[in-house]
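**Student:** Chains A and B supply the protein sequences, listed in that same order.
First residue of the first sequence: 1, per the working numbering; consecutive thereafter.
First residue of the second sequence: 1, per the working numbering; consecutive thereafter.
To be clear, the hints were calculated from the coordinates, so they are not data collected in a lab.
Check each hint, because a few of them may be wrong.
To be verified - One-sided and incomplete, this derived list gives chain A residues near chain B with beta-carbon spacing under 8 Å:
#: 1; residue: Lys18
#: 2; residue: Lys40
#: 3; residue: Thr56
#: 4; residue: Gly58
#: 5; residue: Phe106
#: 6; residue: Asn138
#: 7; residue: Asp139
#: 8; residue: Glu229
#: 9; residue: Arg232
#: 10; residue: Leu272
#: 11; residue: Val311
What the hints assert, rightly or not - Only some residues are given here: those of chain B computed to face chain A with a beta carbon under 8 Å:
#: 12; residue: Thr143
#: 13; residue: Ala174
#: 14; residue: Leu194
#: 15; residue: Asp382
#: 16; residue: Ala384
Since we're looking at a predicted model, the values are computed, not measured.
Backbone N, C-alpha and C define an ideal beta-carbon position, used for all residues, glycine too.
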Amino acid sequence: MKVFFATDIHGSEICWRKFLNAAAFYKADMVILGGDVTGKVMIPIVSLRPGHWEVTFGGQRVQLDTQAELDDIKRKIRDRGYYPAVMSGDELDSLNAEDGSVDRRFTQEMTKGLETWLDMADSKLRGGEIPCILNGGNDDIWEIDDIIEQSPSVSFAESKVLDIGGFYLASMGWTNPTPWNTFREAPEDVLAAKIDAVVASIPDMGRAVFNFHAPPYGTGLDEAPALDENMRPIHGGAVMKPVGSTAVKAAIQKYQPILSVHGHIHESKGVLRLGRTLTMNPGSSYSDGVLQGAVLDLNEKKGKVTRYILVNG
Amino acid sequence: MTAGALGEERPTLFLRNATGLVRGWSVRDSMIYACLSTNVVTLGMVEWTVQSSFPHGNLLYSILISGVWVSFLVVAYAGLVVTIPRAGGDYVWQSRILGSGIGFVMAATGWWFILWLWAPIYGAVLAEEFFEPIWATLGYHGTFFVSDTGKFVVTLITIALAGILVSIGMAGYARVQKWCFYGGLLGVLVLVILLLSASHASFISSFNLETHKLFGLTGAYQQINLQAAKAGYVAPTFGGGTFGQSLLLVPFMMFYLLWPNWGTTLYGEIRGANDFRRVFSGMFIGLWTTVALSVLFLLLFAKAFGWAFYMNVNAGQNLVAKAVLPIFPYPVLMAAWLVHNSAFQVILILLFSLWFFGWVGTLFLSSTRVIFAAAFDRVLPDAAAQVSEKRRVPVASLVLMLLPAVGFGALYAFNSTFASYTLDATLVIAVTYLFSAIAVVILPLRKPDLWFASPASKIKVLGVPVVLVGGVVTIGLLVFNLYEWLSNDAYFVNNHNSLYYMGGMYVLAIVIYVAARIIRSRQGIDLGLINKEIPVE
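In isolation and in its complexed conformation, chain A is listed as follows (with noise of 0.2 Å):
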């Protein structure tokens, strides 16, 4: 069985077209996006008037006079992995991070593009026929979960474990603390007993696969530029860090699965082994709109990976 796996797409729409047709491009039977769905930026377009619109983009203000520029920019912006959201100067000035106006406007941005990106998987793939599984991410808001459940052609994996043609997958979304707070993290004790909760419902641990968010703790899986406490990337960007997950690497070790697959940290792409267990974090760079992935073949006899490469699609 093939296997396309890929994370971390932000929000990214050229990177989830690519991933809808990485299936057929890589002559995967299965997709896998292991989290980290929504992006982090929303643009304004400001309505000037009727068929007339702003925005500021790329470091340059430009005026829209047309529906097609409308379409095109917004094209532009959704593939950078940004929200492009056409509002008044009004409501421009009315929102605010105090009242939660941007926050409220943040998660419509969202659960509507990924509503549009649930729509596009339905008719690529082929209503289901070719089994496409998501996951949460620390990153991703709570919204995202239920719109992910209700698709008929795509799974959410989130704290489960899926039969994958043989092969068991567990999925944690959950990460270790970050310096941003974001939505699905939790110290490591909590985590390690959220990933030992998933676990215990797999049937054979000789078949599993771990799709966790988190890479394991100082595996090179999880280096990210150190950072002050301004979040300013300390002495030039040269210093990187372990900032994976101890909860992560000591279930790997533990549980020893196959393969354990993981993502967060964009800029550490990397393979290892940790024991029996073949460790990979593809890395992300979805805001050039390159897709990277892994394309794992597992044999269902023999219980293994046999063949990986790291992709950048």
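Since chain A is already given, all that's left is putting chain B on it; use the hints.
**Tutor:** Positioned in the frame of chain A, the structure of chain B alone reads:
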């Protein structure tokens, strides 16, 4: 969820709290990195000694020409950084834009194999600017550290030092690096005060006194000038020289001025044009700090040493079999002799050695990254990227870097012909840069979506994107240098053995890549897939 707005009058974008959203790079940190890469003390002062190869060339002019020209390289690389950020530098840019094979061959040769030669070059610098001056100042009259064996021993020390620093990680070293930079600047300040307050006459008497005390020479200052004249060398006047020969010194100056982009693999997620300016500024200010320091040093040397003498003492290293001064004419040591106190002299040398120790730790850093990236791409065996579980030491990649470096270190120390191929170390990296510059220029054609989404495409002068102009001018710079290196005997790199040596590296990289394609294909893995773009529609 906490979200905030960014913008001037009205917010132009909203960010929510999410992983990885960090504030921009500190321009100061990037500047320090770029300044240490284009190291005026360790590389610049060494390369200034070759001026006599083009006796009518003026060092000052060649440095200024180089600074202007390399500024365009900074523009081109800033464009690559903001278009494909934090992706592994030349290897990834070239792999994605030009193809996997080119990416691997250029990265393996320019960021890995040629570092085997940089190790002994750094060893030679450490011998000439640290061990030998201190050794001599402490009263040991031998020249062990500039002997073949001494150079090899120092090369081994350098390799060990760089290897240990790669093993223990960059965290502690980066802190040391910054303090080295500030300490090095303190040394510069002391040197400036010393040379400003010294008269030319006092320098002559101090030079003669100290060279007599340390090496038993009599009237060394005058002897050096006489020896140069006997060898037929006439130094250009300060501000004199011809433009043509000054231009021909540029390929020598690349030895230290071609590296302001050394840290481009380190830049992170980019949000807009402001980040382009920040990335550009860090490298640009670093480069021009080096140029400014170079000009300052040369002005001070002209004032205190005498311009003709400084040129003559350098020429003595290249034009005659046995120079009057038995050690490298290290300007810091010569300036330190103005104070007749060994402790002061050692302290000044130690302060300037911080320019070396603040940089040597990064010697193998890029090689490790290339080896890891190639292993993750399945071009190298998986074992090449393995690290020990307990201490996180990249054992295999260290072996792949250190062992050949020891071999080339021995060759460099004991074979004077091989040692003359020093500029091979610059040439091979310049070839790698050339392919990145080509990648910049063809980016709008090869990856239009990526290019037009990049903030780099929006920054224009007279309607032309500055990054493309930077790419074209960089190609000009590198082609000029490559042409001169490969066609002009003065650079010592266009002879058969040097070409075999460099060609051998390219052959080795190609063989590894082709072998990997064949072996992986037999294993059912198609390496051609690595950078093949998935269709969007």
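**Student:** Run every hint past the structure and note whether it holds.
**Tutor:** Against the structure, the hints:
1. A hinted interface residue such as A/Lys18 counts as satisfied when its beta carbon comes closer than 8 Å to some beta carbon of chain B; here the least separation is about 4 Å, so the hint holds.
2. With its C-beta approaching chain B no nearer than about 4 Å, A/Lys40 sits inside the 8 Å limit, and its interface hint holds.
3. Because the closest C-beta pair between A/Thr56 and chain B is about 4 Å apart, less than 8 Å, the hint holds.
4. With its C-beta approaching chain B no nearer than about 5 Å, A/Gly58 sits inside the 8 Å limit, and its interface hint holds.
5. A distance limit of 8 Å between C-beta atoms decides the matter here; for A/Phe106 the minimum to chain B is near 5 Å, and the interface restraint holds.
6. Taken as an interface hint, A/Asn138 checks out: its beta carbon lies about 6 Å from the nearest beta carbon of chain B, inside 8 Å.
7. Given the 8 Å rule on beta carbons, the hint for A/Asp139 holds: about 4 Å separates it from the nearest Cβ of chain B.
8. At a threshold of 8 Å, the smallest CB-CB gap from A/Glu229 to chain B is about 11 Å, leaving the interface hint violated.
9. Interface restraint check for A/Arg232: the shortest CB-CB distance to chain B comes to about 4 Å, inside 8 Å, so the restraint holds.
10. Interface hint status for A/Leu272: upheld, as the beta-carbon distance to the closest one in chain B is roughly 7 Å, under 8 Å.
11. With a least beta-carbon distance of about 6 Å to chain B, the hint placing A/Val311 at the interface is held under the 8 Å criterion.
12. Here the hint on B/Thr143 is broken, as its CB sits about 36 Å from the closest CB of chain A, past 8 Å.
13. The interface hint given for B/Ala174 holds, since its Cβ lies 4 Å from the closest Cβ of chain A, which is under the 8 Å cut-off.
14. Violation of the interface hint for B/Leu194 is found here, the shortest Cβ-Cβ separation to chain A being roughly 31 Å, above the 8 Å cut-off.
15. The beta carbon of B/Asp382 is positioned within 8 Å of a beta carbon in chain A (closest approach about 7 Å), and the interface hint is therefore held.
16. This hint is violated: B/Ala384 has a C-beta 11 Å from the nearest C-beta of chain A, more than the 8 Å allowed.
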